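K.L.:
Next come the chains, spelled out residue by residue.
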Amino acid sequence: MKAIAKKCLKAGFVGLVLLLLYAPILLLAVYSFDKTNLIGQFRGFSFEHYINLFTDQNVLGMIGNTLLLAVVAACLSTLLGTAGALGMYYSKKRVKGTMTALNQIPVINAEIVTALALTVTFVAVRIERSWFTLIIGHMVICTPFVVLSVIPKLKQMDGSLYEAALDLGASPFKALLTVVLPQIVPGVISGFMLAITLSLDDYIVTMYTRPTGFETISTYVYNATTKGNAHTAVTLSSFWALTTIIFLIIVLFVVCSNLVGRKKKEEGK
Amino acid sequence: MKIPRFSRKTLCIPYGVFLVFFVLVPMLVILFYAFTDSAMHPSFENFIKFFSDLTKLSTIGYSLVIALVTTVVALLIAYPVAYILARSNIKKKYIVLMLFVLPMWINFVLRVNALRELFNLLAQADGLEMIASSNYFKTIFGMVYDFLPFMILPLYTTMMKIDRSLYEASADLGGSGFTTFTRVTLPLSMPGIMSGVTMVFLPSMTNYVVSDMLGNAKVTIIGKFIYDYFGNDWHMGSMIALVLLVVVFLSTWLTGGFKAEENVRGTNL
Chain A
1 MKAIAKKCLK
11 AGFVGLVLLL
21 LYAPILLLAV
31 YSFDKTNLIG
41 QFRGFSFEHY
51 INLFTDQNVL
61 GMIGNTLLLA
71 VVAACLSTLL
81 GTAGALGMYY
91 SKKRVKGTMT
101 ALNQIPVINA
111 EIVTALALTV
121 TFVAVRIERS
131 WFTLIIGHMV
141 ICTPFVVLSV
151 IPKLKQMDGS
161 LYEAALDLGA
171 SPFKALLTVV
181 LPQIVPGVIS
191 GFMLAITLSL
201 DDYIVTMYTR
211 PTGFETISTY
221 VYNATTKGNA
231 HTAVTLSSFW
241 ALTTIIFLII
251 VLFVVCSNLV
261 GRKKKEEGK
Chain B
1 MKIPRFSRKT
11 LCIPYGVFLV
21 FFVLVPMLVI
31 LFYAFTDSAM
41 HPSFENFIKF
51 FSDLTKLSTI
61 GYSLVIALVT
71 TVVALLIAYP
81 VAYILARSNI
91 KKKYIVLMLF
101 VLPMWINFVL
111 RVNALRELFN
121 LLAQADGLEM
131 IASSNYFKTI
141 FGMVYDFLPF
151 MILPLYTTMM
161 KIDRSLYEAS
171 ADLGGSGFTT
181 FTRVTLPLSM
191 PGIMSGVTMV
201 FLPSMTNYVV
211 SDMLGNAKVT
221 IIGKFIYDYF
231 GNDWHMGSMI
241 ALVLLVVVFL
251 STWLTGGFKA
261 EENVRGTNL
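Going line by line, the protein sequences match chains A and B. So for the first sequence, the working numbering puts the first residue at 1; every next one is plus one. So for the second sequence, the working numbering puts the first residue at 1; every next one is plus one.
Mixed in with the good hints there might be a few duds.
Pairs of lysine to aspartate or glutamate residues, derived as DMTMM-like cross-links and limited to a Cα-Cα distance of at most 20 Å, are as follows [as the list claims (entries may be wrong)]:
hint, chain 1, residue 1, chain 2, residue 2
1, A, K227, B, E117
2, A, K227, B, D228
3, B, K218, B, E129
4, A, K35, B, E117
5, A, K35, A, E48
6, B, K9, A, D158
7, B, K49, B, D37
8, A, K35, A, D56
9, B, K9, A, E163
Quick caveat, the hints were computed from the structure, so don't treat them as lab data. Everything numeric in this text was worked out from a predicted model, so none of it was measured.
Go ahead and model the full structure; you've got the sequences and the hints to work with.
P.N.:
What follows is the structure in structure tokens.
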């Protein structure tokens, strides 16, 4: 009896925390189908917010900007970070140590300090804010995480395989590409995913390095809620629809990857 | 001219150059600005002004208190969750863990916005106005809400590594449930506590998106403070950024560093 009560208590606690985590998202999901853009009373079912989301040029522009920025920044960070991690791993101790230390700086530094340091530097050398500064800013926060996810995979690797490839006549470049690279792919992928989420989420660095007039989802929603402007309410409610869609995509993705994982396991048996 | 032969080490050159230009140089620029006056002459004026100004010091102290409360609350919620999950025998507990990480994939600002709408709704309800309209409560709640997974993940991974036979050994030797917890579980989960604390404490000191959006910009944390100063005085702004930098590096060093594999939003699960 006591054991059952304990079990219920445990499940109840975990459930309560989960409920708290999901309550705001579920609230938005429900009201994204409301006619009005007021939360509190459901006044009638409608797809208006969803239609707005997919027809409003401003909103579509922001979503496009956010995605384009994340993809470009994550791809460049993954390239730079993977090459960097490989180079660091095979370098002499001093080079390796210095680069590891420098790599840690953006990881532990506050984003606001990273953003301001970059801004001041750009101003000092008279570089105008543009896509260039924006992408550099995002690369500064993303690349260190790519390096940190690739390095452990390099450490796990059997070093003699590369030597074997060279002995069998492969050029160093070919050996790297066909022997080393395939073994660190999981690290590269998780680094890329991490870079994507960091870039998608970012507000502070974007705010300081973006060209004038450039808006991402983060900068727009932040400015609309803290400063407010005339047509805010309409557009903000289309972001409720967006939140709901993102949430559904994630749930679907997790369910699918679980199903695929299970299928693979069964086939393995 | 001799074409240099490809070597694995050369791969670190692009990232090395990138780190020097966009990480090292900006940090030096901040250092330079912090110790110069508006005429760019070397000066300790900002340093003295900062440490003799009570309002500045109290803002910092107050920001530390908010971060501390956030961290303690997050730890008190996350520890039981991680403990229950790590010790439970249910199949597929990674799915439950995944549920805690899922919301992290929704854009950070959109998530905070969802919480804001929830608070607006609660503020209309009887008896809850007091809580739902307190800027401090909302800020701390929002930070716990957003950074909770950063606390749960490292705790869960360390607890999963604890050898289960240690619990049995403790019980066999006559240890009560409580003794087993204080003498076995708690000491062995210390590394997880340390990384979780670092990962929640640092952003709660600096990420002003939450305090601005939920605290109606009435709650000033160090991050916001730097932002405000950069509007008019880069030299003082750099000095505060420098102080923050020292605080951040000290606390990371004291808590035993930052482990990248634990900051991964479940991409490694």
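K.L.:
Each of the hints needs a verdict: does it hold here or not?
P.N.:
Results for each hint:
A distance of roughly 16 Å separates the Cα atoms of A:K227 and B:E117; the hinted pair therefore holds under the 20 Å criterion. With a C-alpha separation of about 15 Å, the suggested pair A:K227 and B:D228 falls inside the 20 Å cut-off, and the hint holds. The straight-line distance between the Cα atoms of B:K218 and B:E129 is roughly 17 Å, inside the 20 Å bound, and the hint therefore holds. For the suggested pair A:K35 and B:E117, the alpha carbons sit about 16 Å apart, so the restraint of at most 20 Å is met.
A distance of roughly 7 Å separates the Cα atoms of A:K35 and A:E48; the hinted pair therefore holds under the 20 Å criterion. Pair hint B:K9 plus A:D158 holds up; C-alpha atoms about 18 Å apart against a cutoff of 20 Å. A C-alpha spacing of about 12 Å is found between B:K49 and B:D37, which places the hinted pair at or below 20 Å, so the restraint holds. Distance check on the hinted pair: A:K35 and A:D56 sit about 17 Å apart at the alpha-carbon level, within 20 Å; holds.
For a cut-off of 20 Å, the pair hint linking B:K9 to A:E163 stands: about 15 Å separates their Cα positions.
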